[in-house]
Amino acid sequence: MGSTTGDEKIPEENASSEAARTALVYSPRFLEHRTGLHCETPSRLKIVVQTLKSLGLVSPDRCRFVEPRVAAVEEIELVHDPDYVEEIRRFCASGGGHYDGDTVLSPESFDVACLAVGGMLKACDAVFTGSFVNAFALVRPPGHHAGIHGRALGATTNGFCLFNNVAVAASYMLKKKWVDRVLIFDVDGHHGNGTQEAFNNTSKVLYVSLHEGGIYPGTGYEDEVGVGEGAGYKVNVPLPPRSDDKVYSKALREVVLPVAEQFKPDFVLLSAGYDAHHSDNITSMLLSTAGYVEMFNSMLNLAERHCKSRLVACLEGGYSAKALSRALPATIAAMAGLQFDEADEKPSSPQAVVNRAEEVVKKVKANLAGYWRF
Numbered sequence: 096m097g098s099t100t101g102d103e104k105i106p107e108e109n110a111s112s113e114a115a116r117t118a119l120v121y122s123p124r125f126l127e128h129r130t131g132l133h134c135e136t137p138s139r140l141k142i143v144v145q146t147l148k149s150l151g152l153v154s155p156d157r158c159r160f161v162e163p164r165v166a167a168v169e170e171i172e173l174v175h176d177p178d179y180v181e182e183i184r185r186f187c188a189s190g191g192g193h194y195d196g197d198t199v200l201s202p203e204s205f206d207v208a209c210l211a212v213g214g215m216l217k218a219c220d221a222v223f224t225g226s227f228v229n230a231f232a233l234v235r236p237p238g239h240h241a242g243i244h245g246r247a248l249g250a251t252t253n254g255f256c257l258f259n260n261v262a263v264a265a266s267y268m269l270k271k272k273w274v275d276r277v278l279i280f281d282v283d284g285h286h287g288n289g290t291q292e293a294f295n296n297t298s299k300v301l302y303v304s305l306h307e308g309g310i311y312p313g314t315g316y317e318d319e320v321g322v323g324e325g326a327g328y329k330v331n332v333p334l335p336p337r338s339d340d341k342v343y344s345k346a347l348r349e350v351v352l353p354v355a356e357q358f359k360p361d362f363v364l365l366s367a368g369y370d371a372h373h374s375d376n377i378t379s380m381l382l383s384t385a386g387y388v389e390m391f392n393s394m395l396n397l398a399e400r401h402c403k404s405r406l407v408a409c410l411e412g413g414y415s416a417k418a419l420s421r422a423l424p425a426t427i428a429a430m431a432g433l434q435f436d437e438a439d440e441k442p443s444s445p446q447a448v449v450n451r452a453e454e455v456v457k458k459v460k461a462n463l464a465g466y467w468r469f
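Under the numbering used here, residues 96 to 469 are what the sequence shown spells out, in order.
Check before you lean on any hint, since a few could be wrong.
[Said to hold, decoys possible] Using 30 Å as the maximum straight-line C-alpha spacing, the simulated DSS-like pairs for lysine-lysine come out as follows:
1) Lys441 to Lys460
2) Lys457 to Lys441
3) Lys417 to Lys460
Rather than coming from a laboratory, the hints here were simulated on the basis of the structure.
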């Protein structure tokens, strides 16, 4: 297909009854969350939509665009405090601006954020009912830093996030009693402090995060394993800066997959952040397109074994045009079972980084040894 700006309405004919594997939940209304001179801009989704179409990844039998719905306030309040939700609504209604030092809102941002949450709920509905095998919610604003009251676990800001799209989706499915166990695998370059906070004291949600240690939000250390009934169900692997595909693969094989296999999820949610890509300057990580595809494939295989392939990914961070036009389409192609050219640079970690990462993995396993077998 020819190039497009990503602004046009997604045609409803894409939601025909013909079988498709992967739903792409998207609306041009996500572009109405305007942030000005900021890395989290509408252009992120424009790049994604344009690339998916120009590469021919959108097809009736593989990937199909689906319109999101608006989440009800009561659904958002499954995770967020009502006073916080109302505060965001009023802030946007008064004209928006800098909600905090990192997070910029426009007058439309509250409504767009409700649509983003609804997009995740629509994606989960579509997969759980069997309309699609899996889904990717191409939404913004992102959500994994947003906790119950906004800033989570002592973070200084909301980190570009308003409502926690993934956390609400997990809570929504649990409340409906569709599932008993949800795995949330967070591959964003930053720790999802809001998601961890939302489920810190429950064993119904296994939250696993691979992220760069020592950067915003200042959480997600090896000894953060959850509290009360949630102890052992929060798995944090704070990798050192300049961690490459091999480092991530080691953490995946030695920590993530052993725990996830024992958990046996009923549904898999991915917090899909692409700011750990080597081209993204908001972190110092060295993941390549192939590294992202390996992590997605591992979750697709896990979902096939344990939960009838039910998996939904949600866009979190990712601010480099290269990551958004290479790594992200490649992971969607993996979800759709399509061949995709993963050509990309593969930077290597210095040996000192490899050594430090091995220490982190050992520490994580030691902290979780009382809960899981390794």
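Item checked: Hints breached by this structure -> 3
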